[in-house]
Amino acid sequence: MKAVFTFSLMTLRMLFRRRTLWGILLIILLALAGIASVPSFDVSNQGRFILDFGLFGIEVGALLLALGLAATLYPRDRETRTLMPLIAVPLSRWQYLLGRFLGAALIQAAALLVTCLGLMLILLFHKLPIPGDLLPATLLIIVEGWFLLSTVFFFSFFTSPPLNWPLTTMLFIVSQMSVAEFVGLLPSAPGLMRAVRMILPHADVFHIKDPIAHGFAIEPVYFLVAIFYGLCYSAFMLSLALAVFRGRDLK
Amino acid sequence: MIRYVFLFTIVYLSFSGCRTDYDIADVAPVEFLDSEENHEHLHEHADEDTSCTHDSNAHTDGETGEEHSIDEHVEASHAGHDHASGTRNHGTQWFFNQPWAAPFIWRKLFRDSVIFLGLAVAVFFLSSRRRRKR
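Protein chains in written order, with our numbering: chain A, 1 to 251; chain B, 252 to 385.
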């Protein structure tokens, strides 16, 4: 595991130096500031409006970060031929994948925490209260971001980065759908659609912006269950990615 | 061993309980959905009043002889009913049909997590063995 840890730190440093990270972070923060400056019109509570749309903005930011950080990692390693010496001696394929994933996941989590702090500052600037569950809500979005990251890794082993973006975005959209909505996409084959939906993740598990915006308390056990679900699904996607990676002939 | 784990998860996933989806409106117990029926209608007038005489802008109530404008009548008939704040009702189903508000699916969430973890372990070892064979 020491090799994995070292390699993940190398990945972390490499991603930290990339302009992609800072560009996406800037876009998210600007979007949050933009959301806060939109008048709430008839919505009785401006804080509710900012929180609801702010957390949605952070969620979309998680998707952008996952794509921006990980979509080019493997293709670039292969193109620059740094992959072969890496997996020839010091690392096995699963160590390479896990190291890359952990490095990107840490950077993504840090960036999402910064956006959460940005949202808090915006609320303070508007003299609005900061709900206690804002940080746990961001934690759930971070876990959702890790799931998206593992999905990006999965697609990156058999598609090019330009194709990875729409595929991951499509999975992101589909995973937000309820079973009834998903079956509605192809009503002539409800059994098949239900079976496919069963394998796809349920991203609504990570959404608690509505109760937070409306001041509802959430039971702590729910956070644990949702985090566990997100981590297990990410592990599943990573194992699929590894299976594809192990089957690749890198010559 | 791993093959058995893999087969076990496939069989487990095929159980009817696992095929139950997450659409909370479909899987919710009766008591969870019951609360939307318990609301008080404050205005029954619109349904009961059958003896109104209407003209283009106003009407006269047959029983009381009071004259109402159509706007007043429409406003009164849509005054609707009252719900306790923060409770499930027919206007807030979307809000309460979310996983955080439905503890009865948390166990299913946990079970699915364990299944996905089992599948992850199985795929990890199976892909490793396949690679070694080649």
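No wet-lab data here; the hints were simulated from the structure.
A couple of the hints might just be wrong.
Stated by the list, open to error - Derived list of chain A stretches under chain B, where covered just means 3 residues or more per stretch with a C-beta under 8 Å from a C-beta of chain B: (1) 48-59; (2) 110-121.
Stated by the list, open to error - Over 12 Å on every C-beta distance to chain B, these chain A residues come out as not near it, computed from the model: (3) F5; (4) M14; (5) L29; (6) V38; (7) D77; (8) R93; (9) F125; (10) G132; (11) S188; (12) A235.
As the list claims (entries may be wrong) - Short, incomplete list of chain A residues facing chain B, as computed with Cβ under 7 Å: (13) G34; (14) F157; (15) S178; (16) V179; (17) F228; (18) Y229; (19) Y233; (20) F236; (21) S239; (22) A243; (23) R246.
A quick note: this is a predicted structure, and the numbers were derived from the prediction, not measured.
Ideal Cβ positions, reconstructed from N, Cα and C, are used throughout, including at glycine.
Going down the list of hints, with the structure as the test:
no.	hint	result
1	48-59	violated (count 0)
2	110-121	violated (count 0)
3	F5	holds, 19 Å
4	M14	holds, 26 Å
5	L29	holds, 27 Å
6	V38	holds, 22 Å
7	D77	holds, 19 Å
8	R93	violated, 8 Å
9	F125	holds, 28 Å
10	G132	holds, 15 Å
11	S188	holds, 19 Å
12	A235	violated, 4 Å
13	G34	violated, 26 Å
14	F157	violated, 12 Å
15	S178	holds, 5 Å
16	V179	holds, 4 Å
17	F228	holds, 5 Å
18	Y229	holds, 5 Å
19	Y233	holds, 5 Å
20	F236	holds, 4 Å
21	S239	holds, 4 Å
22	A243	holds, 4 Å
23	R246	holds, 5 Å
Comparing the model with each numbered hint stated earlier shows that hints 1, 2, 8, 12, 13 and 14 do not hold.
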